[in-house]
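Quick mapping for you: the protein sequence lines, in order, are chains A and B. Oh and the first sequence: position 374 is 374 in my numbering, straight run, nothing missing. Oh and the second sequence: position 144 is 668 in my numbering, straight run, nothing missing.
There's no promise every hint is true.
[To be verified] Pairwise CB distance ranges (calculated):
| # | chain 1 | residue 1 | chain 2 | residue 2 | range |
| --- | --- | --- | --- | --- | --- |
| 1 | B | Pro836 | A | Asp224 | 55 to 61 Å |
| 2 | B | Arg691 | A | Asp224 | 22 to 28 Å |
| 3 | B | Gln540 | A | Arg194 | 53 to 59 Å |
| 4 | A | Asp205 | B | Arg691 | 14 to 20 Å |
[Unchecked claim] Here chain B is said to cover these stretches of chain A; the calculated rule only asks that three of the stretch's residues, wherever they fall, bring their Cβ under 8 Å from a Cβ of chain B:
| # | region |
| --- | --- |
| 5 | 179-187 |
| 6 | 194-205 |
| 7 | 208-220 |
| 8 | 238-247 |
| 9 | 455-468 |
Simulated from the structure, these hints should not be mistaken for laboratory data. Glycine included, C-beta positions come from ideal geometry on N, C-alpha and C.
Residue strings, one per chain:
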Amino acid sequence: MRIALRPLGQVMMGTHDTFSSVLFERQGETADAPVPDFFVDLNLDQIFDAITTGRAEYDLAPFFRHPLHDIESVLYRQDILRDLQDGSVRRCVQAFAEKMRISRSSELQASKLRERYQREWFVLDAVDSYCDATARLAEELAGVELTSRGMLGLRTYLSNYVQTSAFADMAQETHDVRRALADVVYSVHVSGFRVTVRRHDAEADYSREVQKTFERFEQGEVKDYRVTFREQIDMNHVEASILELVARLFPEEFGALDRHFAHYQAGCDEAVLRFDREVQFYLGYLEYCQRLSQAGLRFCFPAVVADSKEISARGTFDCALANKLVQLGNPVVCNDFALSGAERIFVVSGPNQGGKTTFARTFGQVHYLASLGLTVPGEQARLALSDQIYTHFEKEEELGDFTGKLEDDLVRAREIFTRATSASIIILNEIFTSTTLEDASFLGRKVIEKVTELDSLCVYVTFVDELASLSDATVSMVSTVVPEDPAERTYKVVRKPADGLSYAVAIARKYGLTYDRLKDRISS
Amino acid sequence: MKAHLMFADRDVDPDQLVAGNREEVIEDLNLATLLDAMARGDKFLLDVSQRAILSSLADPDEIRYRQRILADSIKNPAIVREMYDIAVGAIDAERNVFAGFFRNRPAQLLHRSVEVLDLFIDPLKALRKIADTGSGAFDSDGLTTLFGTLRTELSDGYFDEIADHLRQLKFRRGLLMSAELATGNKGSSYVLRTPGKSKQSWKQWIGLETRSSYSFEIASRDEAGAAALDELRDRGLNPVSNAVAQSADHILSFFKMMRSELGFYVSCLNLLETLQERHEPVCMPTPAPWKPAISNATGLYDVSLALRLDGPVVGNRFDADDCSLVVITGANSGGKSTFLRSVGLAQLMMQCGMFAPAEQFTASVCDVVFSHFIREEDATMSSGRLDDELSRMSDIATHLTSSSLVLFNESFAATNEREGSEIARQILQALTERGIKAFVVTHLFDLADGIYRSNTIRALFLRAEREDDGARRFQLQQGAPLSTSFGEDLYRRLGAWDAVGSAAETEKDAGVVAP
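Chain A on its own, in the form it takes in the complex:
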């Protein structure tokens, strides 16, 4: 037999159909999409894994694989997220979620038990938690300030739902049955193999009498000798026999439990259950951001544009990397970027391990997060809503097979360029490294020309620094080092002309090998 709190369907839909989802205002939930290729390159998989950890029961992953393609949908979510950023709103939703979780676990427990009155008790508990969760949410939402269409819709829906007699009767009956069972007190007499059960008759607590006799010797703190029994939910046959007899001694209480089970084991509302799942998309993300905010990092609502290439961000960072650094107590370096006029392509060069790849990832992450209707890392951001993100990152493990690698690079680049449109974002990281400078320079030129022609947004990480000044479409970004100690990277990527020599000169000075320094040493 399956016992489940199956939704009866949206009983209220006829009158309150303005609200159905806090994620999708119009369209329904679309079919599950596969994990996009760029998730791994941009470390988005790490971010979403961290968010969904501990939330497996909500199956949130499909939501994170589903970017939005119109600004209206993005704003619908941004508004809801803004409401949920308010601690008082978030707290009532969290309290709701916690009770729903208890409800589900009781429901699951009920399905595992054999004894009738045990099963019935857990269904009672599941319904009780559901009613409590829903009624409290309705009550508490009425007392907070909301501005988003989504949350306002939910509020109206809930306040109507909890007033229906279907809900109110269920809540009241559940409460009464529970109360009556909690008041049951019975006595058990065990003598040899015989067990007798009856209603309790107010005999004195014998432990107290013993305590009273000896308390005159009391000298101070005493040890607690009470044994903690291993509490199992199910019963052995002696307990089960006792419970049967207790049910006979208290026929009213247990009769009410039977009736409750028959009526309400499938009493939940579909919209409430859907909200319970969907809102975790926001709560998970807010919780993730909060860990980083506590370390002083900032998130903002990006201005999302569909028809402009003038994008920018200030103080932004790679969330996945920041999450690791914050846990280690290390500082996180933030970067800025901006495109204006004809500028489309960031050509990133400079010392290795200087933050080039991180910059490329950051650029992709903020755009993808923005397309989910979420906040993005940074103090301020204006981002493009793309039709697709394409990435190609150098993979360390692929080094070695030079010819094969170059071939793969070219195949992949070609594939991207055949599919990309002017609304796409293309991120290429250290490709063509497996060839000569001449080849790399040549192929790089080809890439820049192609992207310029497509009018896509692009980040191109390369060691070929002359590519940075190729055309009006390119912007040169350079990873930097600490001037006094060139071996120390700043991980700061700044907009400035590429100069492949400056880093080498600084390292030479540190070792006393610059032209002037070396000459002095030889002469003295």
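Given the structure of chain A, go ahead and fit chain B onto it with the hints provided.
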């Protein structure tokens, strides 16, 4: 029920040791020898004595409370020792009761606890008997109150009540418990009920097959059922076995408290007997308030030294009333360190309520005694040593109160005399202005002489002197510091080496001492 033999109004707090440099005080004053004499090889008494000595009383009234109990004990040593033995016997008996294999079974815990309670009955009755017969011989508030308590609390009726419980706790007629329904309709909150005290007796309702009670029986070969019944019994017995075990613990801790409080007086009796065998004098010291400064003694000797030596030791007399500083200078091996130890030990003994090793001892009661003694390694001059000395001084300073007593023995010798004197002067000036008292043994003439001349600190100056024939008297005299060190004569006596060459060195190494 309290013994209250250490404090009139409270128990001894075992953790309440006086802060400060305890470890150093123990070592510097040779406390171990004193404690051994008090304990006579008994680890427990050693611990009790050490705690008592290291947790000085700061209130003269509290000291006098113990002094009166000690005086009673000295008058009636046999009775005090007997009571102590009863407590020790009860504690040993409890320890020998088997704890059982299944500590998580309330039924077993109950069984053991009932057995322990049974064992405690006789020692409790023995204490009551002593209270009935011996109390006339005692005058102190502490012991007369204790005897009174024993007589009222351990009445015959009370012993009957305990016997009733011990009978009932065997549960020959089965267990009656109440329960409620918790998560999953499982029984919980089991409370053992007193059978036979309800409106219906259990016999009645067990016999009645009305709708108000239902029964079932498990088959005798149903092992799982028997185990389930055992667990049910254990749940019912859980609170009562806890109550009984705690009761046994209560009585045990009563005996333990008796043992530790009487143990202190037994230790005092031990020490007294040993000192009397050696004909060393003792007196009940007179504790005085911290202000005005009182400190005087006659025949004051180092009790630890007396216990180690075979012959009699020399006592000192001094009168440092109104002084915040006592400066002791003079000949090496002239008894300066011994004197310093005798002052520290007498102070500590007085402040825990003991007798003092002197013909007469009167002193202001301090908060804490600190000691800052030269360490062997400090004698060499190096910055590391001075660091160490100053670091120890800094530790002391962290814990100093304005009613502290500090004993300095050749401190700040790890640098040259001028620097050492300057450091010490600044420290002593600061301490005394803060109301602290110090006994200072020093060979820093610059320091001693400076204090003597300046008159900024009220100080008593004592000097270790030699007779004209060079022999030591080991008795200190009042006197201004002398600039001449007495090291020279020691040097001569041990064999001068102004002119000795390597040959003489070899001879000396071979054990030949030049005349």
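Okay, Arg691(B) versus Asp224(A) on CB: inside 22 to 28 Å? Holds, since Arg691(B) and Asp224(A) (Cβ atoms, about 26 Å apart) stay within the stated range.
Range hint compliance [Cβ, Gln540(B) to Arg194(A), 53 to 59 Å]: 55 Å, holds
So is the region 208-220 of chain A in contact with chain B by the C-beta rule, three or more residues under 8 Å, or is the coverage claim wrong? holds (count 12)
In this structure, is the beta-carbon distance linking Pro836(B) and Asp224(A) contained in 55 to 61 Å? Once the Cβ atoms are compared, 57 Å apart, the range 55 to 61 Å for Asp224(A) and Pro836(B) holds.
Count the residues of the region 194-205 of chain A whose Cβ falls closer than 8 Å to any Cβ of chain B, and tell me whether that reaches three. holds (count 12)
So is the region 179-187 of chain A in contact with chain B by the C-beta rule, three or more residues under 8 Å, or is the coverage claim wrong? holds (count 6)
Would you check chain B against the region 455-468 of chain A, counting CB to CB pairs closer than 8 Å, and say if three or more residues qualify? violated (count 0)
Check whether three or more residues of the region 238-247 of chain A sit with their beta carbon closer than 8 Å to a beta carbon of chain B. holds (count 7)
State, for the Cβ atoms of Asp205(A) and Arg691(B), whether the hinted interval 14 to 20 Å holds or is violated. 19 Å, holds
Checked against the numbered hints listed earlier, the structure breaks hint 9 alone; every other hint is satisfied.
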